[in-house]
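Kindly produce the complete structure, drawing on both the sequences and the hints.
Spelled out, the chains give:
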Amino acid sequence: MNDPALEIRFAQESDQKYLIEWLLQPGVLQWFPLEGLREVEDAARLWMSYMKQGAVLTAVWEGIPCGIANLYLQPYKKLSHQSLFAIIVDEKLRGKGIGTKLLQDLILLAKERFKLELVHLEVYEGNPAIRLYERLGFQRYGIQKKFVKDGGQYLNKILMQRTI
Amino acid sequence: MTFLASFDIRYSELEDLSALEEWFSDPNSCDDYPFGFDERQDALKNWIGFSKFKASLTGTLEGKPCAIATLFLMPYKKVVHHCGFYLVVDPAHRRKGIGLSMLRNILHVAKTRFSLEGVHVEIFEPSPLLPLLEKSNFKIFARQENYIKIEGQPRPRLLLEHFFYE
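Heads up: the protein sequence lines correspond to chains A and B, in order. Reading the first sequence from the start, the letters are residues 1 to 164 in this note's numbering. Reading the second sequence from the start, the letters are residues 1 to 166 in this note's numbering.
Hints are computed from structural coordinates only; laboratory data are not their basis. Every value quoted in this text rests on a predicted model; they were computed, and no experiment measured them. Fair warning: there could be bad hints in the mix.
What the hints assert, rightly or not - Pairs of lysine-lysine, DSSO-like flavour, derived with a Cα cap of 27 Å:
id	chain 1	residue 1	chain 2	residue 2
1	B	K149	A	K149
2	A	K145	B	K96
3	A	K115	A	K52
4	A	K146	B	K139
5	A	K146	B	K77
6	B	K96	B	K111
7	A	K145	B	K45
8	B	K96	A	K149
9	B	K149	A	K111
10	B	K135	A	K146
11	B	K77	A	K145
12	A	K157	B	K77
13	B	K111	A	K146
14	A	K17	A	K96
15	B	K54	A	K77
16	B	K149	A	K157
17	B	K78	A	K145
18	B	K111	A	K149
19	A	K145	B	K135
20	B	K45	A	K52
21	B	K139	B	K111
22	A	K157	B	K111
23	A	K52	B	K149
24	B	K78	A	K149
25	B	K45	A	K77
26	A	K157	B	K135
27	A	K115	B	K149
28	B	K78	A	K92
29	B	K78	A	K17
30	A	K146	B	K54
31	B	K96	A	K157
32	A	K17	B	K77
33	A	K77	B	K149
34	B	K111	A	K145
35	B	K96	A	K146
36	B	K77	A	K149
The structure is reproduced here in structure tokens:
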């Protein structure tokens with residue numbers, strides 16, 4: 001899909017406030033290991049810190065940021081051929097293909113700019129985003145039981161990867 | 001097993017960094033860890049940093065450090081019920097049962113001091129730690145091909161977990 005309203009660009013510092021806003025939208029944190037503003041701000045800072053290396057992309061819908069994806073580039077040489085990544089789309093703008101385009105561009109960035117051979121992700125069981133990952137060729141390579149404990153309820157973490 | 005007479009375990013101290021540095025002074029010593037030989041300084045400082053939380057144990061022989069096992073406590077509330085760990089035994093004192101003793105003791109600390117429900121660990125195949133982990137009832141929950149490259153050669157990583165209550 002190539003919607004003229006959608007643009008993908010490198011992230012800017014000013015995008016961090018959107019990331020925090022999207023993480024704090026109702027129901028979103030159930031899919032992240034975070035709880036409360038302090039943890040969200042902490043995670044958002046880490047997420048956006050990869051901007052310095054050009055490893056964070058922002059999706060913009062009609063001029064307004066609507067999604068962010070980043071590569072957690074590995075700090076060690078032995079691991080530098082692969083990377084974990086994270087992605088989020090503004091809940092108000094889901095279903096428009098933004099996640100697909102953002103992830104496709106992130107994979108392209110991983111391959112072309114960082115010469116990565118493998119990208120991988122962590123997602124909790126039941127997250128609808130799993131369908132997106134499967135559609136884009138990600139395959140499960142493991143499952144970590146009881147990874148998250150939220151209000152006494154456990155969620156398993158699914159590990160997925162894709163060779164690029 | 002005469003070494004047992006002088007073997008003891010205490011909480012780690014920041015000063016144990018020098019023992020870690022000594023054990024990782026051989027270029028191949030980092031092969032079973034994600035950090036490389038040139039990157040070990042920061043990695044080892046971060047490792048021993050968990051001693052500030054009493055999350056690290058040091059094995060000693062005649063008062064001299066011979067092994068360190070450390071829990072890498074999780075930073076977020078929803079995941080504080082488990083954590084990963086590192087274990088290393090002085091190359092001069094391997095195959096004496098020290099690793100197993102350290103593993104059992106760090107699991108005890110995880111369960112009793114931090115009230116964890118489980119621990120997990122990352123190893124790279126082939127790993128000398130695998131038999132020890134299997135003996136201690138760790139189960140593999142993920143195998144990822146080509147995760148790490150040692151001198152350009154890809155090796156898979158195994159992720160294993162151990163639950164205290166099931």
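Just pull the numbers of the violated hints for me, sorted ascending. 1, 2, 7, 8, 15, 31 and 35
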